[in-house]
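S.K.: Based on these hints, arrange chain B on the given structure of chain A.
Protein chains in written order, with numbering that gives the first Met the number 0: chain A, 0 to 496; chain B, 0 to 496.
Treat the hints with care, since some could be wrong.
It does not matter which identical chain is meant; a pair holds if it fits inside one copy or across any two.
Stated by the list, open to error - Only pairs whose alpha carbons sit at most 25 Å apart, straight line, appear in this in silico BS3-like list of lysine-lysine:
no. : residue 1 : residue 2
1   : Lys348    : Lys92
2   : Lys269    : Lys25
3   : Lys25     : Lys423
4   : Lys113    : Lys27
5   : Lys113    : Lys492
6   : Lys273    : Lys11
7   : Lys455    : Lys186
8   : Lys25     : Lys125
9   : Lys167    : Lys154
10  : Lys492    : Lys348
11  : Lys154    : Lys426
12  : Lys230    : Lys423
13  : Lys92     : Lys186
Hints were generated in silico from the structure; no laboratory data involved.
2 protein chains.
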Amino acid sequence: MSEEIKEEKISKKEQMKQEVKALLEKLKGQQQLLREAKLPVIVLIEGWAAAGKGSLINELISEIDPRFYNVTSPVIQRENECRYPFLYPYAEKIPENGKIMFYDSGWMEDVVRKYVRHEITKKEYKTRVRSVNEFERQLRDAGYIILKIFLDISKEEQFERLANLQDKANTEWRVTEEDRWQHREYKRFREAYENFMDATGDTVKWHKIDGSKRRKAVRDSLALLTGKIEKALEKGKYNGDPFEEDFPLIPMPKLSEVDLSPALEEEEYKEKLKKLQKRLAELHNIIYRRKIPVVLCYEGWDAAGKGGNIRRVTYPLDPRGFDVMPIASPEPHELNRQYLWRFWTRLPKSGHVCIFDRTWYGRVMVERLEGFCTEKDWKRAYNEINEFERQLTDWGAVVLKFWIHIDSDTQLARFTDRQNTPEKQWKITDEDWRNREKWPQYEEAIDEMLEKTSTKNAPWFIIESNDKKYARIRTLEIIIEALEEAIDHHMEKILND
Amino acid sequence: MSEEIKEEKISKKEQMKQEVKALLEKLKGQQQLLREAKLPVIVLIEGWAAAGKGSLINELISEIDPRFYNVTSPVIQRENECRYPFLYPYAEKIPENGKIMFYDSGWMEDVVRKYVRHEITKKEYKTRVRSVNEFERQLRDAGYIILKIFLDISKEEQFERLANLQDKANTEWRVTEEDRWQHREYKRFREAYENFMDATGDTVKWHKIDGSKRRKAVRDSLALLTGKIEKALEKGKYNGDPFEEDFPLIPMPKLSEVDLSPALEEEEYKEKLKKLQKRLAELHNIIYRRKIPVVLCYEGWDAAGKGGNIRRVTYPLDPRGFDVMPIASPEPHELNRQYLWRFWTRLPKSGHVCIFDRTWYGRVMVERLEGFCTEKDWKRAYNEINEFERQLTDWGAVVLKFWIHIDSDTQLARFTDRQNTPEKQWKITDEDWRNREKWPQYEEAIDEMLEKTSTKNAPWFIIESNDKKYARIRTLEIIIEALEEAIDHHMEKILND
Numbered sequence: 000m001s002e003e004i005k006e007e008k009i010s011k012k013e014q015m016k017q018e019v020k021a022l023l024e025k026l027k028g029q030q031q032l033l034r035e036a037k038l039p040v041i042v043l044i045e046g047w048a049a050a051g052k053g054s055l056i057n058e059l060i061s062e063i064d065p066r067f068y069n070v071t072s073p074v075i076q077r078e079n080e081c082r083y084p085f086l087y088p089y090a091e092k093i094p095e096n097g098k099i100m101f102y103d104s105g106w107m108e109d110v111v112r113k114y115v116r117h118e119i120t121k122k123e124y125k126t127r128v129r130s131v132n133e134f135e136r137q138l139r140d141a142g143y144i145i146l147k148i149f150l151d152i153s154k155e156e157q158f159e160r161l162a163n164l165q166d167k168a169n170t171e172w173r174v175t176e177e178d179r180w181q182h183r184e185y186k187r188f189r190e191a192y193e194n195f196m197d198a199t200g201d202t203v204k205w206h207k208i209d210g211s212k213r214r215k216a217v218r219d220s221l222a223l224l225t226g227k228i229e230k231a232l233e234k235g236k237y238n239g240d241p242f243e244e245d246f247p248l249i250p251m252p253k254l255s256e257v258d259l260s261p262a263l264e265e266e267e268y269k270e271k272l273k274k275l276q277k278r279l280a281e282l283h284n285i286i287y288r289r290k291i292p293v294v295l296c297y298e299g300w301d302a303a304g305k306g307g308n309i310r311r312v313t314y315p316l317d318p319r320g321f322d323v324m325p326i327a328s329p330e331p332h333e334l335n336r337q338y339l340w341r342f343w344t345r346l347p348k349s350g351h352v353c354i355f356d357r358t359w360y361g362r363v364m365v366e367r368l369e370g371f372c373t374e375k376d377w378k379r380a381y382n383e384i385n386e387f388e389r390q391l392t393d394w395g396a397v398v399l400k401f402w403i404h405i406d407s408d409t410q411l412a413r414f415t416d417r418q419n420t421p422e423k424q425w426k427i428t429d430e431d432w433r434n435r436e437k438w439p440q441y442e443e444a445i446d447e448m449l450e451k452t453s454t455k456n457a458p459w460f461i462i463e464s465n466d467k468k469y470a471r472i473r474t475l476e477i478i479i480e481a482l483e484e485a486i487d488h489h490m491e492k493i494l495n496d
Numbered sequence: 000m001s002e003e004i005k006e007e008k009i010s011k012k013e014q015m016k017q018e019v020k021a022l023l024e025k026l027k028g029q030q031q032l033l034r035e036a037k038l039p040v041i042v043l044i045e046g047w048a049a050a051g052k053g054s055l056i057n058e059l060i061s062e063i064d065p066r067f068y069n070v071t072s073p074v075i076q077r078e079n080e081c082r083y084p085f086l087y088p089y090a091e092k093i094p095e096n097g098k099i100m101f102y103d104s105g106w107m108e109d110v111v112r113k114y115v116r117h118e119i120t121k122k123e124y125k126t127r128v129r130s131v132n133e134f135e136r137q138l139r140d141a142g143y144i145i146l147k148i149f150l151d152i153s154k155e156e157q158f159e160r161l162a163n164l165q166d167k168a169n170t171e172w173r174v175t176e177e178d179r180w181q182h183r184e185y186k187r188f189r190e191a192y193e194n195f196m197d198a199t200g201d202t203v204k205w206h207k208i209d210g211s212k213r214r215k216a217v218r219d220s221l222a223l224l225t226g227k228i229e230k231a232l233e234k235g236k237y238n239g240d241p242f243e244e245d246f247p248l249i250p251m252p253k254l255s256e257v258d259l260s261p262a263l264e265e266e267e268y269k270e271k272l273k274k275l276q277k278r279l280a281e282l283h284n285i286i287y288r289r290k291i292p293v294v295l296c297y298e299g300w301d302a303a304g305k306g307g308n309i310r311r312v313t314y315p316l317d318p319r320g321f322d323v324m325p326i327a328s329p330e331p332h333e334l335n336r337q338y339l340w341r342f343w344t345r346l347p348k349s350g351h352v353c354i355f356d357r358t359w360y361g362r363v364m365v366e367r368l369e370g371f372c373t374e375k376d377w378k379r380a381y382n383e384i385n386e387f388e389r390q391l392t393d394w395g396a397v398v399l400k401f402w403i404h405i406d407s408d409t410q411l412a413r414f415t416d417r418q419n420t421p422e423k424q425w426k427i428t429d430e431d432w433r434n435r436e437k438w439p440q441y442e443e444a445i446d447e448m449l450e451k452t453s454t455k456n457a458p459w460f461i462i463e464s465n466d467k468k469y470a471r472i473r474t475l476e477i478i479i480e481a482l483e484e485a486i487d488h489h490m491e492k493i494l495n496d
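The shape of chain A in the complex, shown without the other chains (with noise of 0.2 Å):
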């Protein structure tokens, strides 16, 4: 090499330092900035074994306080292992405001070689691509940044990288067998990872850099990611606009519409609560062993009789298969991440039965009555929550979703007994009282709701509860069917397998 192609090159290498440098500055700078506009950022580092990802986000941090940044590296299960939906492990780690989060490689990696390895079927892969668009999508329109990176080497340098790490005694450990075969099966993986970018390059762009040139790979994902931040900072947090996607629906009346008048004797009541209950506790055991996941969602008017009405579903379930989650007001770290996050890191593994008093609906009800959230937010919602509930049951999940309904001279009678009535007192508040007044308005919100989520895959029932007993009756009748349904439908699957 001449002397001035050597000093060229040494230049070169001086120059690429000190631009890392100042954009390594200026990342240092905004991470402040980050905070008090309240944005989260999450960078998806993905790319080829070997590549360097663990390292590219090593120098992307070095600067970061650490109480501004977190790492996560999850693990893929194997898809028969898997007992959450397969966004699970990427969902309940999105950042909170003002934080940034970097997936030392993520979805892609797991939807790309469970489908590589066959896995998953072509339609799995297709609805996953779905899905993680419409995942994406979700959290762009509640104001994350997004960066997504693909890390790309060459097969020849690959195998360099691989062979130097399993020379050393010290690395050999890191080149394992799925690495290996990733090598093997280059030739499919890059047309894989090709055509995943291609299908998940719409909504969130996919920037691919060259990991070969370490230093350059750096510096050009530090422009990418301070850009990105510094075009959010000046615009203001994303508030997506709302819009609707075709779901098959199926038409429900209006809550005004419903016949209350339904009620059973207490001889007959509690002939069928007998009956009905021991045939929940054999399905239990059918669905637990085979695996099924179970999603009941309770929403109802104040004083609809919720809490007795979960109790007699639950009575005859083993406890070790069943959670009850209570959904409360949401906490600080909660409120600091996208609605759905306390919901997602709420569900159940497969085979358990996972009971929500209230839930994600609350979005479109309390939320957006109270004005607990934007326009834009609650509207976007009715889609954000088809798709969620979606994600469910392409998961295997069976959701039902109740609407425990009375009349407002009901609730009125209930809440003077309760007030009347020293042990029940507790359970009535000023606020059941503020928000009875809101009773109009709520009605709307409900009809609008229920017009707009009943879909085929996670349809609403509307209970008549002005009669308890009918009430409990009604939605053990209508469990046991859904259940009997999943179990033969599992069955079939199987069959046709």
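M.R.: Chain B only, in chain A's frame:
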């Protein structure tokens, strides 16, 4: 059977039924009082396989509002698959104030089964028994109502029940290899259960209940539970007295005696930093492979340089193997549980390095000085923390604690600099200035903390940080030395096993 005896039997059965009903009503009334008094309740149901733990719990919860209780059935992992301290799955699930948590078997089964299976040695067994006693005492002292029930059946009864379950297609799966093994080893289990109850019955009493008489078991359990709750409601939330166990302590200097003059020249610093970081990266590799957990605790004066120090430590680490946990003020769901809970739930997996940026020592500093807890609370905390950290080192963790130290003048200079530098202003708040006014009180509290909690297994290091460069090098040296020692020790252990 004569008519007379038959009638007596029926009337006894009827009486029992009435008693259960009355007790359930009582419990129903108490749930609300528990909520008001903010009392948390732990019900631990242990016992033989097929003793009826699940159905007992189902009866107990049948009249409680789902918002006020939860049932957890932790899965006992094989010892070599556990990546957390053995108490972790149980500590993670402790209830919030005002709620009841039912453990469908718990730490007793965990310890006993592993012992009978020879997964842990006699010595480890004893260590775990001690940890269990500490765990229960700490919860009791924090006001938890704890009821421990052992559901007992004879070998013959167990045989009948297992056979009965195994005979039916629908329940066959419920009898596991584990259960059959327990049945074969009934005698050894009996001995181990009795031994465990003897060793853990002093702080919180065990109640042995005959599982062969279902109704009676329910009634007796309900009587115990409602009785305990009643007593606690009368007496108000228990707040245990402080006491100090003899921990082997390392003598610490007073802060005022520390010589803060050590400093490093830029060149020497850079050279050492590079060398130490390289070494740390190598050690991290080994730590990761050998699954040694590492817990690094940072405390220090405001503006002492914690953040920059942490960054120098994390820079060489593979992001897949470390986490930085910034500890802010506790959120409501954290305040509603024993104060160590939010640290239990943030513990690293074995093989990971976890860096706490502020720690559980907040209890004996800010919480003490600002009156966020009672005097008894923070005085009890020294011992509780020593126990907690010993549980971590018993698990195999390296626990190092750094007090990043500066003098008051240096703090003033840094505060002023922050105030006058626009991009640093976010780092300085009014609270920092207020805390600064309390320097003498803090110093006193810190001296006491260092004196009482620098145990041999989890020592404190005062890091002279008037010169940040010196402080960083010093911290790295300490960490490296400790990791090298831990790796040697781990190797020895393997060779001796």
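S.K.: Could you run down the list of hints and mark each one as holding or not?
M.R.: A quick look at each hint next to the structure:
no., hint, in the structure
1, Lys348 to Lys92, "both (17 Å within a copy, 16 Å between copies)"
2, Lys269 to Lys25, "between (70 Å within a copy, 23 Å between copies)"
3, Lys25 to Lys423, "between (59 Å within a copy, 13 Å between copies)"
4, Lys113 to Lys27, "neither (37 Å within a copy, 49 Å between copies)"
5, Lys113 to Lys492, "within (19 Å within a copy, 39 Å between copies)"
6, Lys273 to Lys11, "between (81 Å within a copy, 23 Å between copies)"
7, Lys455 to Lys186, "neither (40 Å within a copy, 55 Å between copies)"
8, Lys25 to Lys125, "neither (39 Å within a copy, 55 Å between copies)"
9, Lys167 to Lys154, "within (21 Å within a copy, 56 Å between copies)"
10, Lys492 to Lys348, "within (20 Å within a copy, 37 Å between copies)"
11, Lys154 to Lys426, "neither (66 Å within a copy, 47 Å between copies)"
12, Lys230 to Lys423, "between (55 Å within a copy, 22 Å between copies)"
13, Lys92 to Lys186, "neither (31 Å within a copy, 47 Å between copies)"
Consistency note: the structure conflicts with the earlier hints numbered 4, 7, 8, 11, 13.
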